[in-house]
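Peer 1: Here is how the chains run, residue by residue.
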Amino acid sequence: MSLCKSIDTLSMAYLDDELAAEERHELEAHLTECATCRAQLEQERADLSMVRRALAAPPTPDLLRARVVRTLDQEDRALQKAQRRRWSQYMLPGSAMIAAAAAIALFVGVQSDTQRPSASVNSAAKVTKQSLPLEVQGASTVGWMKTNFAPVEPPQFTEPGAKIIGGRLLPGGIDGRDAAMVAYNVNLTGRPFVLTVLMVRDIKDGEWTEGQAVQVNDRVMHVLRADDGNQMVSYVDANRMGYLFLAPDVPISDLVRLVGRTDLVGDQ
Amino acid sequence: MLAVKQKRIEFERQALVHLDAMYGAAYRLTRNPRDAEDLVQDALLRAYRFWDSFQQDSNCKAWLLRIVTNTFINEYQRRKRSREVLDAATSEQSATDGVLVHAEANDKQSPEKAMLLSSVSDDVQRALEQLPDDFRTAVILCDMQGLSYKEIAEIMECPVGTVMSRLFRGRKLLAAALREFAVAEGYVKKSNDTEAKAATLDLEKYRAEKKAREGSQ
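From first to last, the protein sequence lines are chains A and B. Be aware that the first sequence starts at 0, since it is given in numbering that gives the first Met the number 0, and climbs by one per residue. Be aware that the second sequence starts at 0, since it is given in numbering that gives the first Met the number 0, and climbs by one per residue.
Keep in mind that the hints were calculated from the coordinates and are not lab data. Since we're looking at a predicted model, the values are computed, not measured. C-beta atoms are modelled at their ideal positions from N, C-alpha and C, and glycine is treated no differently. Hints are supplied without guarantee of correctness; some may be wrong.
[As the list claims (entries may be wrong)] Straight line, CA to CA, 27 Å or less: simulated DSSO-like cross-link-like pairs of lysine-lysine:
| hint | chain 1 | residue 1 | chain 2 | residue 2 |
| --- | --- | --- | --- | --- |
| 1 | A | Lys203 | A | Lys128 |
| 2 | A | Lys4 | B | Lys149 |
| 3 | B | Lys204 | A | Lys4 |
| 4 | B | Lys171 | A | Lys4 |
| 5 | B | Lys149 | B | Lys4 |
| 6 | A | Lys203 | A | Lys145 |
| 7 | A | Lys4 | B | Lys4 |
| 8 | A | Lys80 | B | Lys4 |
[To be verified] Which chain A residues stay away from chain B? Per the calculated CB distances, all over 10 Å, these:
| hint | residue |
| --- | --- |
| 9 | Ala28 |
| 10 | Glu32 |
| 11 | Glu43 |
| 12 | Asn121 |
| 13 | Ser122 |
| 14 | Lys128 |
| 15 | Ser139 |
| 16 | Lys162 |
| 17 | Ile164 |
| 18 | Asn186 |
| 19 | Phe192 |
| 20 | Val193 |
| 21 | Ser252 |
[Stated by the list, open to error] Derived Cβ-Cβ restraints for the label pairs, each shown as a range:
| hint | chain 1 | residue 1 | chain 2 | residue 2 | range |
| --- | --- | --- | --- | --- | --- |
| 22 | B | Asp51 | A | Ala65 | 22 to 28 Å |
| 23 | A | Ala65 | B | Val3 | 18 to 24 Å |
| 24 | B | Glu128 | A | Gly175 | 25 to 31 Å |
| 25 | B | Arg212 | A | Asp61 | 52 to 58 Å |
| 26 | B | Asp19 | A | Asn184 | 47 to 53 Å |
The task is simple: from the sequences and hints, build the whole structure.
Peer 2: Okay, structure coming up:
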């Protein structure tokens with residue numbers, strides 16, 4: 000009977016309740032007439048029930064529940080504080096362009112000139128000034144980055160006019176953390192320029208937020224100023240992957256708008 | 000202000016009810032109660048920050064477990080990388096000293112390993128320790144959390160067939176290790192029958208082949 004050949008697959012899917020009704024009936028019919036397959040299924044059922052029993056975890060500690068509630072309270076307070084400060088919010092110039100890109104940027108924080116950028120921001124600014132050779136160029140960049148750097152793709156633009164030139168890994172990373180760089184050729188306004196995006200892993204809490212908070216769609220980004228005067232836009236995702244956008248040739252408000260046109264802030 | 004309150008209420012109603020599931024998964028992934036608590040707290044805060052991106056009609060538990068798994072993988076990979084660098088430096092040092100340190104002996108002495116052994120008295124945790132990461136994750140998500148093959152495939156970013164193979168081999172290894180622990184409390188020697196055969200399991204493939212056979216009849 001042909002089912003014997005696939006008994007590993009079938010018995011497992013059967014025990015995990017992944018078979019369609021018809022497949023289940025076929026297997027059950029087969030089991031009544033094949034002792035070998037029946038024995039195998041019973042062995043797997045026994046193993047499975049042992050594994051499932053063994054995996055039961057101890058109860059969640061009450062202290063953890065309390066800790067979680069406290070963390071969420073803190074988060075709520077920080078958010079409410081940010082909302083109260085929105086007296087300073089205003090829309091960036093060029094609202095027609097923003098509407099076209101369906102991205103609305105709001106400054107939600109107050110620029111603090113006294114706050115110094117993290118060391119990693121300065122290191123990043125320095126790296127982009129070196130002319131390091133690209134390790135990959137053109138259309139294969141995205142795939143190459145996924146294989147060699149991170150499972151996440153480098154940011155891409157939701158409309159034509161911005162093309163990936165290429166990318167490379169950064170030797171030694173940024174402050175000991177893995178980092179990569181992607182360069183884009185951007186021509187949205189008839190004035191082409193180069194945009195550099197640095198991707199750095201393991202950004203810590205509070206890092207890359209020392210500057211003005213900007214809300215782009217539903218994401219909060221920050222406008223940072225490195226010690227060398229260069230301004231850049233930072234964004235840190237849920238997995239602590241940090242993205243730093245640099246385009247020294249364009250005003251910072253244009254750079255913010257540009258970030259609003261990447262898939263980082265688009266629909267999930 | 001209202002939006003903040005509303006978000007909190009929604010989050011507590013839909014996400015916080017899965018705290019036990021998250022803690023259970025974290026406990027088995029990290030194999031250490033303290034790390035598990037940190038991982039859950041970290042993952043929940045991320046989930047709260049990204050609550051807007053949760054699609055309301057999808058499985059919240061699977062979404063949360065995805066965040067737990069990803070957070071764990073990222074943290075773990077970082078620690079593992081720094082450990083590898085350290086290990087490489089140690090072996091180089093040992094080689095130049097003219098003393099060859101066996102990799103396994105080295106491993107036993109590492110503070111992390113020592114801490115793990117002292118803090119975990121649980122056979123199951125030790126049995127899990129022996130599984131390759133991918134196998135362990137698949138088994139935890141399926142047999143502990145009851146996620147479907149498809150949900151696990153999405154979390155682990157691999158085909159359903161790969162999930163099935165990992166599950167199959169992970170369960171075999173785990174069952175064998177548990178049996179051995181039961182026999183020889185405290186010490187496990189890897190015996191040949193703990194090696195699961197390199198199974199290729201794929202329900203999709205089975206279905207395709209079946210369809211082809213039926214078509215040719």
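Peer 1: Decide, hint by hint, whether the structure agrees.
Peer 2: Each hint, compared with the structure:
no. : hint                            : verdict
1   : A:Lys203 x A:Lys128             : holds (24 Å)
2   : A:Lys4 x B:Lys149               : holds (24 Å)
3   : B:Lys204 x A:Lys4               : holds (13 Å)
4   : B:Lys171 x A:Lys4               : holds (19 Å)
5   : B:Lys149 x B:Lys4               : violated (34 Å)
6   : A:Lys203 x A:Lys145             : holds (22 Å)
7   : A:Lys4 x B:Lys4                 : violated (57 Å)
8   : A:Lys80 x B:Lys4                : holds (13 Å)
9   : Ala28                           : holds (15 Å)
10  : Glu32                           : holds (18 Å)
11  : Glu43                           : violated (8 Å)
12  : Asn121                          : holds (22 Å)
13  : Ser122                          : holds (18 Å)
14  : Lys128                          : holds (27 Å)
15  : Ser139                          : holds (20 Å)
16  : Lys162                          : holds (27 Å)
17  : Ile164                          : holds (27 Å)
18  : Asn186                          : holds (30 Å)
19  : Phe192                          : holds (31 Å)
20  : Val193                          : holds (30 Å)
21  : Ser252                          : holds (25 Å)
22  : B:Asp51 x A:Ala65: 22 to 28 Å   : holds (26 Å)
23  : A:Ala65 x B:Val3: 18 to 24 Å    : holds (21 Å)
24  : B:Glu128 x A:Gly175: 25 to 31 Å : holds (28 Å)
25  : B:Arg212 x A:Asp61: 52 to 58 Å  : holds (57 Å)
26  : B:Asp19 x A:Asn184: 47 to 53 Å  : holds (51 Å)
Violated hints, in rising order: 5, 7 and 11; the structure is consistent with all others.
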